[in-house]
Amino acid sequence: MFSVQSSKKFKITSLGLLVLLNIILRIPSIPHAKGRDSFFIHSLASSISVFGEARWWDHWLSVFGYYPYSYASGLPFTLSGMSQLFGIDIEKAILIYSIAFGVLTVFLAFTLAGLISNNFIFKYAMAFFFSVSPGIMLFTTWEASSRGPFMIFLPLLFFVLLKEISFPKKIILGSLSLLLLFSFHHYAIFAFVLTLVYIFLRVIFKFNSSYNFSSSLNKHSRKANYLYLFLIFSSFMYPFLTHSMITAGSRYNWLIDLLVINIRFIGPAILLAIGGIVSLSLSERKNFAQWYFLISFIFILPFIYDLTYGVYLLLLYSIVFLSVGFKNSLCNSKGNNKHAIKVISIFIVSIILVSTLFTAYYSYSRTGDYQYLWYMDERTYEFAHWVNDQIDRDSRVFMVAENNYYVRTIALQEEGLPILVAGVQGFTYGFINNSYLDSLERVPVTSSYFYSEGVYRVEERDIYRSMTWYVDNKNIKIIKNVYSLDYLIQSRTYYKRVQGLDSNSAEIIYTNGIHEIYELRYL
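Residue numbering for the sequence shown follows the numbering used here, beginning at 1 and increasing consecutively.
It should be emphasised that the hints constitute simulated quantities derived from the structure, not laboratory data. Please note that a few of the clues may not be correct.
[To be verified] Only pairs whose alpha carbons sit at most 27 Å apart, straight line, appear in this in silico DSSO-like list of lysine-lysine:
1. K206 with K223
2. K8 with K342
3. K342 with K163
4. K286 with K206
Sequences and hints are given; from them, build the entire structure.
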């Protein structure tokens with residue numbers, strides 16, 4: 001039997017090296033922040049610093065983004081607070097936040113793992129695979145996305161639920177953990193469901209003292225274990241057979257995409273998760289934490305077919321099971337001879353190297369046509385600052401450009417926003433007034449919109465949601481009159497161009513080869 005007798009010094013050194021690895025992996029190789037959500041949240045964080053308040057708060061539900069023209073406030077407030085505390089701009093605050101939260105994943109995963117198994121190899125494996133998984137790295141390498149904190153703090157909720165603490169403390173800490181998750185992302189609704197699963201299991205296990213549930217279960221443990229594996233298989237196959245979550249194309253192509261996406265976000269070591277879940281299912285003795293992850297996984301697994309968001313829910317579960325598989329591959333290896341130890345050592349080093357290199361590649365390299373879009377280049381950065389420095393805050397600017405240029409230019413406006421924008425940003429910066437919130441449609445509880453977006457829905461459509469339609473169908477003079485424009489920014493690389501706009505009809509006051517700024521005051 002292969003075992004590792006780990007001293008306290010060895011454990012501390014190992015964790016220290018893992019923290020160092022996480023810091024090194026997050027040292028940027030690019031000049032500016034990346035992503036798209038990152039710049040949207042950047043602009044909301046800037047508005048808090050400029051106005052001293054979250055102007056999208058019109059209702060208590062606005063705090064969590066469950067009200068029209070609002071957004072979950074946790075991350076914008078975090079970035080604005082860091083910016084003001086350290087006296088730095090939001091972009092640098094995003095970098096510090098990314099590194100700090102990336103390191104935090106090590107300790108959150110390690111702590112939660114201790115409730116599942118007290119084996120150091122398992123705890124360390126879970127901390128390693130969770131913190132350096134491509135899915136976590138994606139949102140903690142100079143990028144601000146509300147999906148990142150949701151995945152990072154989900155282990156905190158599970159820790160509070162599974163830790164043996166007094167009932168009042170569990171209620172308070174559990175409620176605070178749920179509120180924290182809701183303040184970051186609407187996917188916290190699933191965390192609420194998982195909390196209900198915990199309560200259900202607690203009630204079942206509570207009956208154990210009266211009805212001797214555990215002895216009955218142990219008596220038929222083999223049948224129960226095989227029944228569980230059948231339920232897991234059924235949970236996976238049901239969407240595949242019914243097309244209930246396959247929205248287009250062949251179910252087999254969907255299955256291939258599903259596998260690729262999960263390997264891409266969790267890493268090649270995910271293959272160990274299959275062995276992990278089978279071995280944990282068939283083990284004769286399971287603690288409550290292990291039962292909880294096994295049972296709740298039945299309810300979560302069908303969402304693997306959601307190619308957009310499913311992986312964010314499943315990542316933690318996959319890491320738990322692959323860590324079990326990794327631990328078993330070491331601790332269950334028979335033989336203490338030098339050859340066995342050498343083989344196992346090579347296996348450990350190979351898994352660590354492959355996982356690290358896989359994550360590093362997808363964190364810092366892009367292939368194909370997308371590679372020039374994944375972070376903000378210097379030319380866009382300089383252009384956005386020119387707009388910020390030279391265009392008056394009271395001016396009204398219409399921007400026609402690719403989404404990546406549009407959101408990044410808006411994000412770098414530091415003292416206000418002259419560029420017209422729709423949605424929560426438009427409401428926050430005063431383009432959309434409160435009158436649109438006077439007549440709201442109440443969303444029924446049976447609608448998926450109720451859980452994903454909010455209790456209310458706007459009935460009247462504001463003109464800022466129609467800007468693309470005006471570009472497609474109207475000329476520059478009509479657009480100017482409708483939106484009372486002073487300037488228009490046109491991307492030369494964008495396939496959409498405003499009709500009737502050229503250097504003869506309006507003066508170009510700035511160009512950098514990609515963007516042109518037209519003055520429209522005398523048009």
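So, going through the hints one by one against the coordinates:
| no. | hint | verdict |
| --- | --- | --- |
| 1 | K206 with K223 | 22 Å, holds |
| 2 | K8 with K342 | 24 Å, holds |
| 3 | K342 with K163 | 37 Å, violated |
| 4 | K286 with K206 | 16 Å, holds |
The structure fails to meet hint 3 from the earlier list, while all remaining hints are met.
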